[in-house]
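Dock chain B against chain A, hints included.
Going down the list, the sequences are from chains A and B.
Going by our numbering, the first sequence opens with residue 83, and the numbers climb by one from there.
Going by our numbering, the second sequence opens with residue 83, and the numbers climb by one from there.
Please note: incorrect hints may appear among the correct ones.
Where chains are identical, the list cannot tell them apart; a pair therefore holds if satisfied intra-copy or between any two copies.
Claimed, not checked - Straight line, CA to CA, 30 Å or less: simulated BS3-like cross-link-like pairs of lysine-lysine: (1) K126 x K115; (2) K92 x K188; (3) K92 x K151; (4) K151 x K115; (5) K136 x K126; (6) K115 x K92; (7) K136 x K88; (8) K126 x K151; (9) K88 x K115; (10) K88 x K188; (11) K136 x K151; (12) K92 x K136; (13) K188 x K115; (14) K88 x K126.
Everything labelled a hint here was simulated from the structure, so no lab data went into it.
Number of protein chains: 2
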Amino acid sequence: MIDNLKFDEKGLLPAIIQDFENGQVLMLAYMNKESLARTLESGKTWFYSRSRQKLWQKGEESGHVQEVKEISFDCDNDCLLIKVAQTGVACHTGHYSCFYRTLDGKEVESPIFDLSAVYGAA
Amino acid sequence: MIDNLKFDEKGLLPAIIQDFENGQVLMLAYMNKESLARTLESGKTWFYSRSRQKLWQKGEESGHVQEVKEISFDCDNDCLLIKVAQTGVACHTGHYSCFYRTLDGKEVESPIFDLSAVYGAA
Chain A
83 MIDNLKFDEK GLLPAIIQDF ENGQVLMLAY MNKESLARTL ESGKTWFYSR SRQKLWQKGE
143 ESGHVQEVKE ISFDCDNDCL LIKVAQTGVA CHTGHYSCFY RTLDGKEVES PIFDLSAVYG
203 AA
Chain B
83 MIDNLKFDEK GLLPAIIQDF ENGQVLMLAY MNKESLARTL ESGKTWFYSR SRQKLWQKGE
143 ESGHVQEVKE ISFDCDNDCL LIKVAQTGVA CHTGHYSCFY RTLDGKEVES PIFDLSAVYG
203 AA
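Isolated chain A, as found in the complex (with noise of 0.2 Å):
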């Protein structure tokens, strides 16, 4: 199934990232095929960071990291839904997830946690 999927001219592919038990959507971050690999050796979530050009887990600062529970990719193969269970909260502002904001302005989420002390202030 792997061989199948259509990673894009720069090697990636979206991953929607899915609250396992209520269903919210969390983030989505991108893949390479070596971030999938030890996605699925590890059982946790790795990424391709397009700004920093390297590898990453979810988590791996915060503690915030998302137990992998079900992957499924689309009709046209070139996107991945990954549900979890997240630990501690999916964003960097300590929201639950990143979508947290409407396009008409209102923030339908608070933050749950302050992840000052991981990141440093803002």
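Okay, now just chain B, sitting in the frame of chain A:
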């Protein structure tokens, strides 16, 4: 808020489409500024097809349109999450969601709609 969105070097943003009622992730597609504007104007999802290089309304041929319920965006301002009420099915294969196969080879969902009358036999 729209002015803060970061479209990529091709002028595109990924948009995760999620069922408003049951939380199921249905598909991922791409939007440019014009398709987002049409989505906001019409209340139905419009995307930009990278393969056909044109705007398309989801369901324009099949009738399986998506009524927009809420649009949020992520902490990096470079991904949308759109909650919709789905008419019919989201996937051109007849599956409700495009994510109907797991990476270990299971089909987790059966097709519920025969779209061959719309798109022609495979």
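Now the hints, each set against the structure:
In this assembly of identical chains, K126 and K115 lie within 30 Å of each other by CA distance solely inside one copy; the values are 15 Å within and 35 Å between copies. For the homomeric pair K92 and K188, the shortest alpha-carbon distance between copies (28 Å) is at most 30 Å, but the shortest distance inside one copy (34 Å) is not. When the C-alpha separation of K92 and K151 is checked against a cutoff of 30 Å, the pair qualifies only within one copy, where the shortest distance is 27 Å, while the shortest distance between copies is 33 Å. Taking the shortest Cα distances, K151 and K115 sit within 30 Å of each other inside one copy (19 Å), while across copies they are farther apart (35 Å).
When the C-alpha separation of K136 and K126 is checked against a cutoff of 30 Å, the pair qualifies only within one copy, where the shortest distance is 17 Å, while the shortest distance between copies is 37 Å. Taking identical chains as interchangeable, the C-alpha atoms of K115 and K92 lie at most 30 Å apart whether they share a chain (11 Å) or sit on different chains (23 Å). When the C-alpha separation of K136 and K88 is checked against a cutoff of 30 Å, the pair qualifies both within a copy, at 20 Å, and between copies, at 21 Å. For the homomeric pair K126 and K151, the shortest alpha-carbon distance inside one copy (9 Å) is at most 30 Å, but the shortest distance between copies (32 Å) is not.
Taking the closest pair of Cα atoms, K88 and K115 come within 30 Å of each other both inside a single copy (10 Å) and across two copies (25 Å). For a Cα distance limit of 30 Å, the shortest separation of K88 from K188 across copies, 19 Å, qualifies, whereas the shortest one inside one copy, 36 Å, does not. Proximity of K136 to K151 under the C-alpha cut-off of 30 Å is restricted to the intra-copy arrangement: shortest distance 24 Å within a copy versus 36 Å between copies. Proximity of K92 and K136 under a CA criterion of 30 Å is satisfied in both settings, with 13 Å inside one chain copy and 22 Å between copies.
For the identical chains of this complex, K188 and K115 are inter-copy neighbours only, at 21 Å across copies versus 37 Å inside a copy, given an alpha-carbon limit of 30 Å. For the identical chains of this complex, K88 and K126 are neighbours both inside a copy (22 Å) and across copies (28 Å), given an alpha-carbon limit of 30 Å.
Of the numbered hints given earlier, the model fails none.
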